[in-house]
Structure formats: structure tokens, C-alpha cells
Amino acid sequence: MSRYQDEYRASLEDPETFWMRQARRIPWSTPPTRALEVDAGGHARWFGDGELNLCHAALDHHIEQGHGERIALYWDSPLSGQQRRYTYRELRDATARCAGALRELGVAPGERVVIYLPMVPEALIAMLACARLGAIHSVVFGGFAARELAARIEDAKPRVVVAASCGLEPGRVVAYQPIVREALSRSAHAVDHCVYLQRDACRVELGPGEVEWETLMAAAEPAACVPVKATDPLYILYTSGTTGRPKGVVRDTGGYAVALHYSMETIYDIAPGEVFFSASDVGWVVGHSYIVYGPLLRGASTVVYEGKPVRTPDAGAFWRVIEEYRVKSFFTAPTAFRAIKKEDPDARLKEGYDLSSLRSLFLAGERLDPPTYHWLKAHLDVPVVDHWWQTETGWAIAADPLGLDPVPTRAGSATFPVPGYDVRILDRHGEEVGALTEGSVVIKQPLPPGCLAGIWGDPERLHSAYLATYPGYYLTGDGGYIDDEGYLFVMGRTDDVINVAGHRLSTGEMEEVLGSHPAVAECAVIGAQDALKGQQPVGLVIPKDGFDGDDATLAQELVALVRERIGPVASFKQVRVVARLPKTRSGKILRRALRQIADGETFDVPATIDDPTSLEDAREAIANLRGSEATEKDD
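Using my numbering, you'd call the opening residue of the sequence shown number 350 and step up by one each time.
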């Protein structure tokens, strides 16, 4: 661990020198002479006197270095039956034309463009084109409801919206134009133009102010890169689960570029020319960082996948992509593998594929539950890394540093803090706690490069949301602990700690127990209000495909298992077998919505939900549980 320890210590003791050394490894139009400035609130600004263009660093620079014919992008779309590949030169040329087209529509440096596209190459081209012009992009997940798209348009005030005619889901086509038109009618902000990428599955008629992508691209003159300040915004990304006024995380340009380039080498162990596959979406932070900018800054090849882990056509979809493109490092969410494990519990479909190129598997987005971790370890002969980060940080806070000193991973742990992140555990009074004591996970300021620069249009919100609770620290909102060997365990959001008769209990720990049962594919535990004990845990479980047992018997076994592993103090008595759980499109279980259902509260259907009807299933299951509990109390 000597190399990791040296890097980590240097990053905290002398961040100025450490990050200046990393900054010299990317191309600048005006190299910075200083790294770190800290404002009155303790928030860091990085490389303030440097200038660069991120599109140049991600594309043109590699061509200038003689690598123009290297593959930059593989597009694989089982939903449309199409595949494409772009060299760095081809991707640069398409991006330059797109930038020229946007410029003709009036997009200038500092102005905003909302991008509402599915997982197609044009999504990356539009993002990079904005960066090329010095404009600010705000990507909204394709298919988001009109109300939520309208809120983001209202907040970002874009000059142009770039959309597709439709998106594709297994067994259905989602028309985008009606959603965009409704969103624009809801918003008080008027955009100048809507650009539509026509897709064969659903071609649209254009109306006033609407133009076609292909027509614009055919007539466009390529645009050159516009250098911007390192501290200028690159993009606005609205956090999932946003309620009330949207919370648009602002990412700067220079610090982000330095952090991503560093992480591709240090965390993911990716060298130029190697293939990185992130099965996410450009609408999420993972897509921004590790489908688009990170791999291209490193000179690697990125895989853009328009499909699902299952049903496109089966639970072997990821293995096929890894074999076909010789993927070295694969990154996805734990929920993807829970879906695969549910349909193919013995991983039989994997056996038909050559996975010899694969050297690592990374998971993030939510905690990797130990049962899924052990299933992956049993079926893959590569490091399985649960790493932890947030939309706000833009890259990993904690991980197994495979490019420095790989270490044995541990079930339930995100391994060690990444260089640059001074991670601490505080109690409710703001005092640091010792090893193995659970508390609030925070990061001592200053934050490293790449983290949020602010909240769009609301400078005070950065301080109130993240910095005010514990002065001098960034509040992650997660709870966890560090063990006596320095491994970090993130147990879940702090509001997922429940209080049962005065005992503070982690729902994540209960989920870990439920998930260890051989019949359980996926589960969620929430705390429901209880007049006697304050809160009571409620469990919902999805059985694996092929489960032919009795639901009531399984529920009894699960109650007994929690009682055995955690003890009667958990007061775990309520569990229900369900067919599905409400999730976001990125795979996170909507625990807050489940809590509100259990407590009889009214709530808005979250914008990020994948299938709104799943909430009705959960409502019925929880109502039945609470009804049976009332009967037990009456008896």
C-alpha cells in the first residue's frame, strides 16, 4: 500500500503541489500558475488562472498526438439493432460540425443548451459540441416527464433544446416530441430552437421553431475550440429526486478535467487505447464522467450501450458486450446485477462468452449489498469494487485504487478514501468518532478538483445544503463507519437510520440479512411510524426467478433470520413478498417514497421513477402489512 499511502498523504498535506502535478498532464491553452484558492466559506476553486477547452483535451489533442484513427466510441444498440464506431478523428469532425450548427442557432460561450436524448452517439456529440463552444450543457434523462423537463428549462434558461424524436425501451417506443412541446408550454422561458434527431422508430413532423439534426449537420461549418477559464461552468446536472425548485449542480471545467484524467488511471487502471464500458446513461453523473469525458480525456475507447442488463435479449447482454469490444473495465449499478442474478441465478449465460479481456468490475449508484458482492466474486475472477461517490462530487470519494495499489476488497465496504478526499465520521454533535463507530460521513474541506462548483442560480444553496451542518466539512448525507484497518463502510442515507424504541438501527444492515437468504433476489427495508416504538422496520422482498415456495413461509424465515443475525432489538416482524420495487431509472430503490406510503403521507411521484405503476404494487403490499399488524395488536 506504500504508493497509495504516499499519494493520499501528499494530496492532503500539500494539495496545491499534488494537484498542480496532475494538472500538467492535460493540455491547456494557458497553463495555470496556481492550483487552489479557498473562498470565505472554505469552498475550493481550482486552477483559477488557467484556460483550456475540454473538447480539445478530449478529442483534438489525441489527434494532434497522432492517434486520430484510434477508436473513440463504440455504439451498441440491441434495442434498435444497430451498431456504430467512431475514430477520434470522426468523432472530432462530427462534434465540430455540431458546434458549428449550434453556433448558427445563436449559441455563444456561457449560454445553455438542454440535451434530451437517449443513448445514441449524437448525445455525446451534442455534449462535446457545447464544450467546444464554451457553452453550458444540461442533459436531462430522455423520457423524463414534461413537468420535470419544464422545471429544468425554466431554471437553466437554455437558448436551444436538442432532442430525439423518440427513445427505445424493451417492447415500446417513447415519443419525445409531445413531452418537449408540453414542457415548453409549461415553462415561462422561451427557447429559440428545438433540434430533433429523427429516429426510424418514430419520425416526427416539425413545427415552428423546430429543426432537424440531419439538416443542420449537413449545412454546418465546423467550429473551432473556444478556450474558457478553468473555473467556468461546463455543465449543469440536476440531482435525482429533486423536489421544489430544481437543484442544478454546477461543474467547472479545469478541475473536472484534471480529476477525471487522474481517476481513469488511478482508480480504473485504464491506459490510452484500452476499452472502458459504463452501463449508465448520459443523463446521470456516471454518464457525464465515465461514458463521455473521462474515457476520452484518457485517450481510451468508450462503449455507449442502448439496452438493458436483461431482456435485450436476455441476462447475458453485458457478457456479450464485454466479449465483443474486448472491455477491460466495466462499471454499472448493483441493481443491474441483481436483475441478472434474478433471471440467471447460476450465471449460466456467462459461460458462453470469452471474458478474458475483463480486468475489473466497478459498481456504484447505491451500496453494493454483500449477497450480490459474493455472487459476483463467485462468478468472476476479477476485482469487484464497490466505490462510492455522488452527483455532487463528480468522481469517486472512496474506491479500491487499482491503478495504484490494489487491495483485497471487503463485502459492504467502498474500500479506502481516494487521494484528495479527507473523509471523517462525525457524531450528531460534530465530534469525530473512533473506528467501528457509525456516524455521519463527511469530507473535510477543501474538496478536491472536480467537485461541485455551486448550485445554478442560487449561490447560497451550496452553503445551506452542504456546508452549514458541520462547519469546515462537506455533508455527504450518508451514514457509515471506518473500521480499524481504514476500510470505509457507507451504510446508506442518514435518513435510512431508524429509531426503534430508542435503538438506532440501520435499514441497510437489515437489507443485508434479507438479501443473504438464497431465495431473495432484491429487497428494501424502511422505517414506518409506530405509536409505541417510534418506528418499526418494514421489509419488501423480490424472490429469484424460479422460486416456487410459499410466500408466507419465506416471510417467516426472513423474520427469523433478522432476529438471529441482528436480534430481537430490531423488532423486525413485517415482510412482504412482491413482484417489483419502485426504482429510479438508474436503479436506486425509492425508499423515501416507500416511507411516505407506509406513513400515509401524500407525495409527488418522483421524476426519476422508472415505472410509476410499481408504486401501486408497493402501496398495496405495505397496506396489507400494516393491516395485518393492526390485527395482531388488536388480538
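I should point out that these hints are in silico values taken from the structure, not numbers from a laboratory. Do not rely on the hints blindly, as some may be mistaken.
[Stated by the list, open to error] Straight-line C-alpha distance at most 27 Å; calculated DSS-like pairs for lysine-lysine:
#, residue 1, residue 2
1, 506, 699
2, 726, 506
3, 922, 882
4, 657, 691
5, 726, 793
6, 893, 922
7, 699, 793
8, 506, 691
9, 726, 699
10, 937, 691
11, 882, 691
12, 922, 657
13, 937, 699
14, 691, 726
15, 657, 506
16, 922, 937
17, 657, 699
18, 657, 726
19, 882, 726
[What the hints assert, rightly or not] Beta-carbon label-pair distances, calculated as ranges:
#, residue 1, residue 2, range
20, 387, 352, 41 to 49 Å
21, 832, 917, 23 to 31 Å
22, 366, 695, 48 to 56 Å
23, 966, 813, 50 to 58 Å
24, 966, 726, 44 to 52 Å
25, 416, 552, 30 to 38 Å
26, 810, 945, 17 to 25 Å
27, 902, 950, 54 to 62 Å
28, 899, 729, 27 to 35 Å
29, 352, 708, 37 to 45 Å
By construction, the Cβ of each residue, glycine as well, lies at the ideal position given by its N, Cα and C atoms.
Hints, verified against the model:
1. The hinted pair formed by residue 506 and residue 699 fails the criterion: a straight-line CA distance of about 47 Å is larger than 27 Å.
2. Using a Cα cut-off of 27 Å, the hinted pair residue 726 and residue 506 is violated, with the two alpha carbons roughly 47 Å apart.
3. Proximity of residue 922 to residue 882 is assessed by CA-CA distance (about 13 Å); at most 27 Å being required, the pair is judged to hold.
4. In summary, the hint linking residue 657 to residue 691 is supported, as the alpha carbons are separated by about 14 Å, within the 27 Å threshold.
5. The straight-line distance between the Cα atoms of residue 726 and residue 793 is roughly 33 Å, outside the 27 Å bound, and the hint therefore fails.
6. Simply put, residue 893 and residue 922 have alpha-carbon atoms about 22 Å apart, close enough for the 27 Å limit, and the pair holds.
7. A distance of roughly 43 Å separates the Cα atoms of residue 699 and residue 793; the hinted pair therefore is violated under the 27 Å criterion.
8. Of the pairs offered as hints, the one joining residue 506 and residue 691 is violated, with about 43 Å between alpha carbons and a cut-off of 27 Å exceeded.
9. Between the alpha carbons of residue 726 and residue 699 the distance comes to roughly 14 Å, so the proposed pair stays at or under 27 Å and holds.
10. For the hint linking residue 937 to residue 691, the alpha-carbon distance of about 16 Å falls within 27 Å, and the restraint holds.
11. The suggested pairing of residue 882 with residue 691 is violated, with an alpha-carbon distance near 35 Å, which exceeds 27 Å.
12. Taken as a hint, the residue 922 and residue 657 pair is broken in the structure, with Cα atoms around 35 Å apart against an allowance of 27 Å.
13. Distance restraint check for residue 937 and residue 699: the Cα-Cα separation of roughly 25 Å lies within the 27 Å cut-off, and the hinted pair is therefore satisfied.
14. Of the supplied pair hints, the one linking residue 691 and residue 726 holds, its CA atoms being roughly 16 Å apart against a limit of 27 Å.
15. A threshold of 27 Å between alpha carbons decides the hint, and for residue 657 with residue 506 the separation of about 32 Å lies outside it, so the pair is violated.
16. Restraint check for residue 922 and residue 937: satisfied, since their Cα atoms lie roughly 25 Å apart, inside the 27 Å limit.
17. Under the criterion of a C-alpha separation no larger than 27 Å, the hint pairing residue 657 with residue 699 is consistent with the structure, at around 16 Å.
18. Distance restraint check for residue 657 and residue 726: the Cα-Cα separation of roughly 22 Å lies within the 27 Å cut-off, and the hinted pair is therefore satisfied.
19. A C-alpha spacing of about 39 Å is found between residue 882 and residue 726, which places the hinted pair above 27 Å, so the restraint is violated.
20. Between residue 387 and residue 352 the beta carbons are some 28 Å apart, a value that contradicts the proposed interval 41 to 49 Å.
21. A hinted range of 23 to 31 Å for the beta carbons of residue 832 and residue 917 is consistent with their spacing of about 26 Å.
22. For the hinted restraint 48 to 56 Å between residue 366 and residue 695, the CB-CB distance of approximately 51 Å keeps it satisfied.
23. Our hint of 50 to 58 Å for residue 966 and residue 813 is violated, since their Cβ atoms are close to 36 Å apart.
24. A hinted range of 44 to 52 Å for the beta carbons of residue 966 and residue 726 is inconsistent with their spacing of about 32 Å.
25. Range check, residue 416 to residue 552: about 37 Å between beta-carbon atoms, so the 30 to 38 Å window is met.
26. One distance hint, 17 to 25 Å for the beta-carbon pair residue 810 and residue 945, holds here, with the actual separation near 24 Å.
27. With their beta carbons about 32 Å apart, residue 902 and residue 950 fall outside the hinted range of 54 to 62 Å.
28. Restraint check, residue 899 to residue 729: a C-beta distance of roughly 33 Å satisfies the suggested window 27 to 35 Å.
29. Between residue 352 and residue 708 the beta carbons are some 18 Å apart, a value that contradicts the proposed interval 37 to 45 Å.
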